Amino acid sequence: MMEDELIKIWQSSPQAEQIKFEKSRLMLDMDNSLDRFHRLAKYGIIIEQIAVLIIIPVFLFYIYFVPHLLSKIASIWIAIWACWYMTLLRKFKKSKPKTLNLGYIDYLRENRTYMVNLKKWADRSMYWYVLPPMLGYFIFIIGPYLDGAIDEAFFIKLILIGLATVILTYFYTRWVVKTIYTPRLKKIDELIKVMEE
Amino acid sequence: MGKDLESTFLNALEEHQHKLLRICTVYAKDDDDTKDLFQEVLVNIWKSMPSFKGTSNIGTWMYRITLNVCLRLKTKELKKQKKLLRMNSSAINIHKTEASTDEQKEQQKQLVQLRKCIKQLNEADKAIITLYLEELPYKEISSITGLTENNIAVKIKRIKTKLLKCLNQRS
Chain G
866 MMEDELIKIW QSSPQAEQIK FEKSRLMLDM DNSLDRFHRL AKYGIIIEQI
916 AVLIIIPVFL FYIYFVPHLL SKIASIWIAI WACWYMTLLR KFKKSKPKTL
966 NLGYIDYLRE NRTYMVNLKK WADRSMYWYV LPPMLGYFIF IIGPYLDGAI
1016 DEAFFIKLIL IGLATVILTY FYTRWVVKTI YTPRLKKIDE LIKVMEE
Chain S
62 MGKDLESTFL NALEEHQHKL LRICTVYAKD DDDTKDLFQE VLVNIWKSMP
112 SFKGTSNIGT WMYRITLNVC LRLKTKELKK QKKLLRMNSS AINIHKTEAS
162 TDEQKEQQKQ LVQLRKCIKQ LNEADKAIIT LYLEELPYKE ISSITGLTEN
212 NIAVKIKRIK TKLLKCLNQR S
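For the protein sequence lines, the chains are G and S, in the order given.
Its first residue numbered 866, the first sequence is counted upward by one per residue in our numbering.
Its first residue numbered 62, the second sequence is counted upward by one per residue in our numbering.
Read the hints as simulated data drawn from the structure, not as lab findings.
It cannot be assumed that every hint is accurate.
Rough simulated footprint, nothing fancy, chain G against chain S, three-plus residues with beta-carbon under 8 Å [claimed, not checked]:
id: 1; region: 101-113
id: 2; region: 118-124
id: 3; region: 166-172
id: 4; region: 182-188
Being a predicted model, the structure only gives us computed values, none of them experimental.
Beta carbons are placed, not taken as given, at the ideal position from N, Cα and C, and that holds for glycine.
The whole structure should be built from the sequences, with the hints applied where relevant.
Spelled out as C-alpha cells, the structure:
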C-alpha cells in the first residue's frame, strides 16, 4: 500500500457514515447539556463549600453558646480553619484549566501542573484537612467531659467516632491519590514525553 | 448565546462535522462511544464559542478542542458521564450506509483496518496522524499540537511507516 492511499482511505468515511442533526433541536440540547455539565462539574467543590459555610456560623455561635472554655477555644480554632479552607477551595476552583483552545502539548502541561498541585495537597491532606479540624473536635469534647457535662462512656464513644473518621479519611485520600491522580499523571507524563521525543 | 454565534457554530459544524467525527472514531472504543464522544466534543466547542477570537481558522480551532476533549475523556470516564451528558434526543444521529459495490466494500474494509491500526498508536501519535490524514498543513498541525514543524515532519514519517507496516500485516 502506498503512503498517499492512507489519506484516500481515511477520507472515504463520509460515504460510509452520515451525520444527521436537526439544528434547532441540537441547540436546545446543547444548552440543556451545558447547564447540567456546569452544575455537576462544580458539584464536589460546592458540597465542600456548603459544608464550610455551615461550619463557620455554627462554631462562631458555639463560641458564645458553649459554656466550657476548652470548647470555646476549639470553636475558634475550627472556625479559623474553615475560613482558611474556604479560601483554599476558591483557589482550587480558580486554578482549574478552563480553556480547551490551547495547543495539545500546552493543554497537557497545564493539566499536569493542575494535577500535580492537587496531588500535592491530597498527599498532605492529613496535615491540613484531617488533623486540624479533628484536633478541634477532640478539644471541643474534652471541655464538657472535664466539666462533668458528659459521662466517660459517652466521651469514649465520641473519641472513637473521631478516630474512626481520621482513619477513614486517611485511607480515602490514599485511595484518591492512588486511583485518580497517580495513573492520570503517569499517563500525562508519558504523553508529554512522547510528544517531546 | 447570540444568534450570530449560533450561526457561526452551525455553519462551521456543517463544514467540519465529518472531519471531527473521523478524529473521534480513533479515540472511541465502538460506535456508541464515537457518538458520545462526538456529542461531548460539540458541547465543548459550543461552550468555548464565546472565546473564539476569529484570529485563527475556525476549523483549526475546532480540531484543537476536539483533540483536547478526546484526550481528556477516556472511554471509561465517558461511560460515567453518559448519564450526565447524554442528550436524550435524536438531534444527532450517525448512520452507517451499507456498501453496495465491490469497490465500496473494499474501501470500507480498508477504512476499518486503518482505524484499527491508528487505535493501536499512542495518544500523541493518534493526534498527529489524524490531523495529517485530514490534509492539514504542517504549520497548522504545529499550531494545534504545540510542536515544531520539523518535529511534526519527523513524527509523521515515523507514524506512517508504523501504519503501513500494520496495514500490510493485516492484509
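Here's how the hints hold up against the structure:
Counting residues of the region 101-113 of chain S whose C-beta sits closer than 8 Å to any C-beta of chain G gives 8, which meets the bar of three, so the coverage hint holds. Residues of the region 118-124 of chain S with a Cβ under 8 Å from some Cβ of chain G number 1, which does not satisfy the need for three, so the listed coverage is violated. Under a criterion of three residues with beta carbons nearer than 8 Å to beta carbons of chain G, the stated coverage of the region 166-172 of chain S is upheld, 4 such residues being counted. Coverage of the region 182-188 of chain S by chain G holds [criterion: at least 3 residues with CB-CB distance below 8 Å; count 5].
The earlier numbered hint that this structure contradicts is number 2, and it is the only one.
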